[in-house]
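Visitor: Kindly generate the complete structure, drawing on both the sequences and the hints.
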Amino acid sequence: MPSNSNSRHTHREPHRSSHHHHRHSHDARSRSPRRQDEPRHKRKRSPPPPAVLPYRARPLVKQDFTAYKPLFASYLDIHKQLYLEEIEEHEARGRWKSFLSKWNRGELAEGWYDPAMLKKTQNAAASTGAQNAGSRSPKRQRRESPDLRPYNTTQEVGDTKNDSSSEDEIGPALPDSHGRRAGPVIPRREDLELRDEMTAEARSHNIADLRYERKLDRSTQKERLEELAPRADPGSRERALEKKREVTGTLNAFREAKSPGAEEVPEGDLMGDDGIDGYKKRKKEGERKKNEREIRKEEIMRAKAEEREERQAEIRAKEDKTMEMLRAIARERFG
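Using the numbering used here, you'd call the opening residue of the sequence shown number 44 and step up by one each time.
None of these hints come from the bench; they were simulated from the model.
Don't take every hint at face value.
[Claimed, not checked] Ranges of calculated distance between the beta carbons of each label pair, as one might list FRET restraints:
(1) Leu125 / Glu236: 36 to 42 Å
(2) Pro92 / Glu375: 43 to 49 Å
(3) Glu233 / Lys333: 23 to 29 Å
(4) Glu375 / Met344: 26 to 32 Å
[As the list claims (entries may be wrong)] Each computed PhoX-like pair below joins lysine-lysine, with the alpha-carbon atoms no more than 25 Å apart:
(5) Lys333 / Lys347
(6) Lys105 / Lys163
(7) Lys123 / Lys105
(8) Lys145 / Lys105
(9) Lys145 / Lys162
(10) Lys163 / Lys140
(11) Lys145 / Lys123
(12) Lys145 / Lys163
Because the structure is a prediction, the values reported are computed rather than measured.
Using N, Cα and C, we set each Cβ at its ideal position, and we do this for glycine too.
Guide: What follows is the structure, encoded as structure tokens:
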């Protein structure tokens with residue numbers, strides 16, 4: 044029996060020792076410093092290559108504000124309609140930061156990177172500062188924008204100006220080569236509307252002038268009547284008698300108007316203003332207005348037809364140009 048127990052004990056020893064070794068290694072790992080406590084070394088990405096700026100300009104920094112202040116002021120004036128002298132300091136700093144980022148990324152127009160543009164703005168700022176120093180109130184001056192037109196366009200404009208200035212001949216201008224028809228031109232709808240507006244405006248002016256003339260005539264007649272039969276002084280006995288006579292005359296006229304008896308009614312009151320002649324006149328006036336409406340309608344129809352013909356001519360010209368281009372391509376390919 045004791046031998047069996049000893050053998051069992053010796054049989055369990057290797058298992059217990061292996062278990063103790065595993066536990067010891069686990070404790071050693073647990074006592075090792077954690078990976079979370081270790082400093083994390085992030086991979087630093089290489090900065091993007093700087094953008095190639097026009098005119099070999101260098102990237103700007105915040106300290107360049109003093110040197111590039113005139114150029115920055117011109118940029119704000121042209122693109123933002125703001126004056127650097129009128130905005131607050133924190134707003135100016137923010138807009139300068141935005142200007143720097145656009146400058147360094149090369150997002151501005153090429154004219155802003157031109158050293159000549161910087162020199163021009165600096166000279167303009169210096170001259171403006173000298174003028175403002177001599178005057179009490181500083182004047183705001185509109186900054187010049189950089190010339191962003193291509194060279195060919197500028198040269199063509201200059202040639203056109205030279206040609207136009209050199210042509211100082213006397214006589215009527217030569218007809219253009221756009222194939223316009225000679226003779227009277229059918230008015231457009233815009234021309235007809237302008238004519239109607241001018242007619243209505245002239246009519247309103249005539250009515251206003253006529254009313255003013257009538258008012259002057261009434262005042263003149265009143266002055267003449269007072270000169271022929273001057274009224275008595277206000278508040279006097281003669282003036283009171285005049286008022287009494289006027290009231291008596293008004294009452295007598297009213298009494299005679301209400302008295303019975305057949306009165307002769309003029310033909311103008313029965314048939315209108317001027318009787319049969321007035322009726323014919325009004326009828327003729329209505330026919331004239333009707334004819335004017337018909338004439339205006341015909342003018343509008345002619346204007347629409349002319350516009351339609353012009354659109355069709357433009358469409359035909361485009362089609363002819365397209366067909367000519369297709370024929371040229373076919374000749375190049377197939378001979």
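Visitor: Does each hint hold? Answer for all of them.
Guide: Hint check:
1. Taken as a hint, the range 36 to 42 Å holds for the pair Leu125 and Glu236, whose Cβ atoms sit roughly 40 Å apart.
2. At roughly 44 Å, the beta carbons of Pro92 and Glu375 sit within the given window of 43 to 49 Å.
3. For Glu233 and Lys333, the Cβ-Cβ distance of about 25 Å falls inside the hinted range of 23 to 29 Å, so the restraint holds.
4. Range check, Glu375 to Met344: about 47 Å between beta-carbon atoms, so the 26 to 32 Å window is missed.
5. Distance hint between Lys333 and Lys347 is fulfilled; the C-alpha atoms sit about 21 Å from each other, no more than 25 Å.
6. Our distance criterion of 25 Å between C-alpha atoms is met by Lys105 and Lys163, whose separation comes to about 22 Å.
7. Pair hint Lys123 plus Lys105 holds up; C-alpha atoms about 20 Å apart against a cutoff of 25 Å.
8. Note on Lys145 and Lys105: the hinted pairing holds, with a Cα-Cα distance of about 13 Å set against a maximum of 25 Å.
9. In summary, the hint linking Lys145 to Lys162 is supported, as the alpha carbons are separated by about 20 Å, within the 25 Å threshold.
10. A hinted pair counts as satisfied when its Cα atoms are at most 25 Å apart, and Lys163 with Lys140 qualifies at roughly 23 Å.
11. Distance hint between Lys145 and Lys123 is fulfilled; the C-alpha atoms sit about 14 Å from each other, no more than 25 Å.
12. Distance check on the hinted pair: Lys145 and Lys163 sit about 21 Å apart at the alpha-carbon level, within 25 Å; holds.
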